[in-house]
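Enquirer: Chains as they are written, first to last, in our numbering: chain P, 283 to 790; chain H, 21 to 358.
Worth flagging that the hints you see were computed from the coordinates, not collected in a lab. Computed from a predicted structure; not experimentally measured. A few of these clues could be false.
[Said to hold, decoys possible] To be clear about the criterion: a stretch of chain P counts as covered by chain H if any three or more of its residues have a C-beta under 8 Å from a C-beta of chain H, and this derived list gives those stretches:
id	stretch
1	353-361
2	364-372
3	378-387
A virtual CB, placed ideally from N, CA and C, is assigned to each residue, including glycine.
Here is how the chains run, residue by residue.
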Amino acid sequence: MNKTNAPIVLEAQGITKRFPGVLANDDVSLTLHKGEILALLGENGAGKSTLMNILYGLYHQTEGEIRINGQRVLFHNPRDAIMNGIGMVHQHFQLVPVMSVVENVILGSEVMRGGGRLDIKRAIQEVSELSRHYGLAVDPTAIIEDLPVGIQQRVEIIKALYRKANILILDEPTAVLTPQEAKELFRIMHDLTAQGISIIFITHKLKEVLEVADRIAVMRRGKMVGAVSPENQTESTLAEMMVGRNVILQVVKSDAHPTDQMLRVENLSVKDDRKVTVVNNVSLEVRAGEVLGVAGVQGNGQRELVEALTGMRPVSGGRFFIAGQDATHFTPRQITELQVAHIPEDREKHGLVMPYPIEDNMILNAYFKPPYANGSLVNRAAIRSHAEALVSDFDVRTPSVVTPASSLSGGNKQKVIVAREFSKPVKLLIAAQPTRGIDVGSIEFIHKQIIQQRDRGVAVLLVSAELDEILSLSDRVVVMFEGRIMGTLSMAEATREKLGLLMAGSLD
Amino acid sequence: MSTLATTSKSSWRELLRYSGWIIAGLVVVASIIGYLSNAQVTTSMLASTLRQSTPLILGALCGLLCERTGVVNIGIEGQMLFSAFIGFLANVYTGNLVIAVAAAILAGMLVGGLHAFMAVYLKMDQIIAGTVINILALGLTGFFYTAGLTTEGKLQPINLGPLADLPLVGPVLFNNPPITYMAIILVFVMHYVLFFTQWGLRTRAVGEHPSAADTVGINVNRMRYINVIIAGGIAGLAGGFLTLEAVGSFERAMTNGRGFVALAVMIFGKWTPFGAWGAALLFGFASALQTQLQFIGTIEIPHQFIGMLPYVLTIVVLAGLVGRSRPPAAVGKPYETD
Chain P
283 MNKTNAPIVL EAQGITKRFP GVLANDDVSL TLHKGEILAL LGENGAGKST LMNILYGLYH
343 QTEGEIRING QRVLFHNPRD AIMNGIGMVH QHFQLVPVMS VVENVILGSE VMRGGGRLDI
403 KRAIQEVSEL SRHYGLAVDP TAIIEDLPVG IQQRVEIIKA LYRKANILIL DEPTAVLTPQ
463 EAKELFRIMH DLTAQGISII FITHKLKEVL EVADRIAVMR RGKMVGAVSP ENQTESTLAE
523 MMVGRNVILQ VVKSDAHPTD QMLRVENLSV KDDRKVTVVN NVSLEVRAGE VLGVAGVQGN
583 GQRELVEALT GMRPVSGGRF FIAGQDATHF TPRQITELQV AHIPEDREKH GLVMPYPIED
643 NMILNAYFKP PYANGSLVNR AAIRSHAEAL VSDFDVRTPS VVTPASSLSG GNKQKVIVAR
703 EFSKPVKLLI AAQPTRGIDV GSIEFIHKQI IQQRDRGVAV LLVSAELDEI LSLSDRVVVM
763 FEGRIMGTLS MAEATREKLG LLMAGSLD
Chain H
21 MSTLATTSKS SWRELLRYSG WIIAGLVVVA SIIGYLSNAQ VTTSMLASTL RQSTPLILGA
81 LCGLLCERTG VVNIGIEGQM LFSAFIGFLA NVYTGNLVIA VAAAILAGML VGGLHAFMAV
141 YLKMDQIIAG TVINILALGL TGFFYTAGLT TEGKLQPINL GPLADLPLVG PVLFNNPPIT
201 YMAIILVFVM HYVLFFTQWG LRTRAVGEHP SAADTVGINV NRMRYINVII AGGIAGLAGG
261 FLTLEAVGSF ERAMTNGRGF VALAVMIFGK WTPFGAWGAA LLFGFASALQ TQLQFIGTIE
321 IPHQFIGMLP YVLTIVVLAG LVGRSRPPAA VGKPYETD
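Please put together the full structure from these sequences, using the hints given.
Expert: Here it is as structure tokens:
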């Protein structure tokens, strides 16, 4: 498909955006043709979101100009961008959960009856017409919070189309979708472009880019590296453009040799903060020397499962055993003392004390013991040398060990956590979303560390919403859906399609 | 977010969900029985219920407009007290009750503006901002009040002709002074504005998910400013009720916790105008009952305990009967764009 002959609808030229101390966009240029899907590829922090926020009027460029259909435009706020036909579907949906689909769609551009009154009936009609016309099935009167994320995303697209958008910016739209939902989204994207709508599709997933894009623009460290056509690209050439060096995407690992049972979970049930049972009668086991992957779309009880297994959340039913010991009602400290390492899902909330220096973060699991503790006093010298050794072993990029954790990049924060957790003997590793939102280099490093631990005889429970991560690291896979285990698969059985179906709750 | 079926919906919980209706039903039955046995006492008690509930419903409407737009307002007490004082002074010096009511409303809006400035512009902790207002109002009114100021009267009941001649409901509902009527009208107006107008839709969106509103071009902070100021005017009307309609003069700290009870009323009413109205009537009824019991004086309970009745009811209702109600999601959080 070559759409480069179609007229140019949007052109950004020489966009530069400076934040205090950071050059987020450095002389970036981009063109978008009518009816084309342009993938904007780049790692976190490469400047994709900054560029899109400028195009949507949320930020203002320091230098450079934007032209729409050849006309120079200046956006002061999103309203200006909307008026110029730009619509954006944010990564975090901008929908009011307690309101209906139609209320969300018309918000800010309401259908009125005069006297400030809403004309909900006519609004419902308009929304139904839009959803029929573009093949975006949705019930206009449904309440947002009752809808699955895939449908919520559709509402976001309808919201943009309702505002007469002909340029759609989709920010990481597949991050929250099952593979099947993503397929459906791609179908919708193709339908939309067939009707003359142009799409900018932001992502860091290489597979999707090759599947759906007409053209690919790659950004790295605030600069546009180049725009290429997908026909003559592979995942590894794209990864190289994105990172700037050769990356090994495939995790190299030998076959697992599972031995003793390290974690046994029996009929475990856990409630979330709203007292709703979100882990429902889950049973599983992990043996020393194997990686058990827990796949599933976010929000299907994985977080609560991990929190229960690490002692952070009370268990409402069932039991679990770590190295043969009943740890159901243990505190996090007691569980750590059973030689359990934990890489938490939310690294900034549960993994690190953000304002603390790196050296103090490195001993959070051992500060109460010699050599770091000397009675009730701390031994600063021991802490310092411990941290310095770990920083160099785990390649944490930091000016010093007294730098606060908050000033590290995502990848380096995660390395600090991994370094701390692996600095003591480990029997069981519980890793939740270990590589979420970090750069490709750090992902590579952390994956290697996890496999190394496995080969040393550690039992690994890996919870991840990234199917690729699950597929490349696991030795067995279980899929969670609405708090239940939908099935256990060996790696031979675990195809993307099969996992995708289980993740969507389908049992056949 | 996937919702899982809760294990069992107990019938107790179902009962609690309709607690408002059940209580309302009991009150209606009790009043009919009361009217049949002693018409005069029942009529005066229900009229007193309505009077007692007026400042509460106005306060609660103020609170819910603020919270629906995402601003916590625990300064209702102070707003009411300050405007009660200003309304009273206006009455003393002009002798014109219309001007006095307008002054009370303006005073409320002024304090509302101050709250909005602290909460929206300075992004202060909104509990602190509310506390500042309460302390400020108590201090200012206490300092400037001089005993011995007199007025030429207070707002008188307006008889709505034939409607007022109906048995029981006539004297209770259709023979009231103006602010009481206004409070009832405001309940309907507020419900209509919040759920059927553009302004209401935007207000609720700003209180639930401000960035969603921002990305479609709604000015979040402007919405919050205006709503908090309008809400201040409603609290001002409540203050005016106290000095210009109920008592006719000012006393130090005369709001006597009504601003806080109004907050409880707002929560009991689950942030809806009709819910708040029902709750305000319930508390009004408890206050009326309390006065009536003290009047009869034959019951062997120390009057301090009877006086506690409305407050005990507040605690019981809030702690036990309301069940889980959900405040607007963004309430209390200043809106910051990054």
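Enquirer: Which of the listed hints are not met by the structure?
Expert: The structure breaks none of the hints.
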